[in-house]
Structures are given as C-alpha cells and as structure tokens.
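Top to bottom, those sequences are chains Y and V.
Using my numbering, read the first sequence as starting at 4 and increasing by one per residue.
Using my numbering, read the second sequence as starting at 698 and increasing by one per residue.
Just so you know, the hints here were simulated from the structure itself, not pulled from any lab data.
Note that the structure is a prediction, hence the values are computed from the model and not measured.
Each hint should be verified, as a subset may be incorrect.
[Claimed, not checked] One side of the interface only, derived from the structure: several residues of chain V facing chain Y at Cβ under 7 Å:
1. L745
2. P752
3. G756
4. I757
5. F787
6. G801
7. M807
A virtual CB, placed ideally from N, CA and C, is assigned to each residue, including glycine.
For reference, the chains in residue letters:
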Amino acid sequence: NAGVTQTPKFQVLKTGQSMTLQCAQDMNHNSMYWYRQDPGMGLRLIYYSASEGTTDKGEVPNGYNVSRLNKREFSLRLESAAPSQTSVYFCASAGQRNNEQFFGPGTRLTVL
Amino acid sequence: AQSVSQHNHHVILSEAASLELGCNYSYGGTVNLFWYVQYPGQHLQLLLKYFSGDPLVKGIKGFEAEFIKSKFSFNLRKPSVQWSDTAEYFCASRNNAGNMLTFGGGTRLMVKP
Chain Y
4 NAGVTQTPKF QVLKTGQSMT LQCAQDMNHN SMYWYRQDPG MGLRLIYYSA
54 SEGTTDKGEV PNGYNVSRLN KREFSLRLES AAPSQTSVYF CASAGQRNNE
104 QFFGPGTRLT VL
Chain V
698 AQSVSQHNHH VILSEAASLE LGCNYSYGGT VNLFWYVQYP GQHLQLLLKY
748 FSGDPLVKGI KGFEAEFIKS KFSFNLRKPS VQWSDTAEYF CASRNNAGNM
798 LTFGGGTRLM VKP
C-alpha cells in the first residue's frame, strides 16, 4: 500500500496562475481532507469530504475549490493563486468516523 | 468552535532529559485527542490517541500522554529524549460527533546530542 500520495511535491506559481493539487489514497477510506500548514499556526483545514460525492468547507476555504473525483481521489484547485497561499499543503484520509487520519507527504507551494 | 493551544513553541533539550509538552483544548463535551509528530521533511505521523478509558495513553517510541479532563489538558511526555526525537509535535482534538481535527500551532523540539 502506498497510503496517501500527493503530486506535485513542489510548485512555484506566479500570482494569478491556477493549478490543481492531486491526492489519492489506496486504503479504501471514506473521508479525505486538505490542510495547509503555516509556521506557528499548525494545520488548518481547507476542505474535507466525508464520503464520495460530498465536500464541505473547513476553516480556511476561501480561494480554493475541491473535487472528490471518486473514492480514491480528492483534488484541490487554486483558481487564481495569491502570495498568501504560499504554504505546505497536506492531504489526509481516514476510515471509520473515529479512526486516525493518515497524511500524505505534502506539496510545498510558492506563489510569487 | 474548538481550539487547541500549545504553549511551548520551541523547546531545546539535551539527550536523556525528560520532556513534557503542553496541550490544552477548549471543547467541553466528549473529545478525542491526538498527538502527531512531523520529522524534518516528512509528513505527520500519529504518536498516540485518546478516545476513552485509561487517561494515561502510551504511544510509539516511548511517548505517553495524560488526559486530565478537569484541566482540559493532554500533555505529551517522554522520560528520556533522544537526538532522533528532534521534530515538530502537534496536538489535535476532535469532538466525538465530528469529522474534523483541530490542530494546535505545534511545538518544535530540538534535542542536542
């Protein structure tokens, strides 16, 4: 099992450009999550998907959209990148309601 | 809304010193609590978790945490740290009815050899 995989690992964008971060899990988990990690602020939830076909906003959804393509895949899209979106993005997945979340390796995004 | 506070942002210890990292959460109902560790350049990994039962929880790599409901605390401890424990540590909470984790700001631990 690869667990949770994310692509790309690194990305540099110019302000206004768009891009999609990809996430996939092979653990047959129902729930998937997108977080951003900024120094001193821990991880903040951007969006999550409790099950295939559903998505909900987290703490910091502005400037982002998500798609739960199928049970395995959950993508995060930045339509018009801003420097404030420079961060490390982590995807996670979880099985039953009270199970732990498993994290991917992260994507380091810089917006110039 | 829930919140999680980690009061120590940076901790520097020598090898073999004892460790205690503070974590306080705000939710007053039934809560699940977690400690995650992030080694340099790696993703988050679960150290330990508390759902119910014995308030003293033992995790991997010799870590433990104690849930004290009256203090809304879930401090992480290790009796003797090693250089390989150098990492960032995150406390997180989830209310029992919810699907989302709330993370603290993290504590960077540096262990000097």
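Now the hints, each set against the structure:
1. L745: violated, 10 Å
2. P752: violated, 17 Å
3. G756: V:G756 check fails; min Cβ-Cβ to chain Y is 11 Å, beyond 7 Å.
4. I757: violated, 12 Å
5. F787: Holds, because the Cβ-Cβ distance from V:F787 to chain Y comes to roughly 6 Å (cut-off 7 Å).
6. G801: With Cβ-Cβ at 5 Å, under 7 Å, it holds.
7. M807: With a closest approach of 15 Å, the V:M807 hint is violated.
When each numbered hint is compared with the structure, violations occur for hints 1, 2, 3, 4 and 7.
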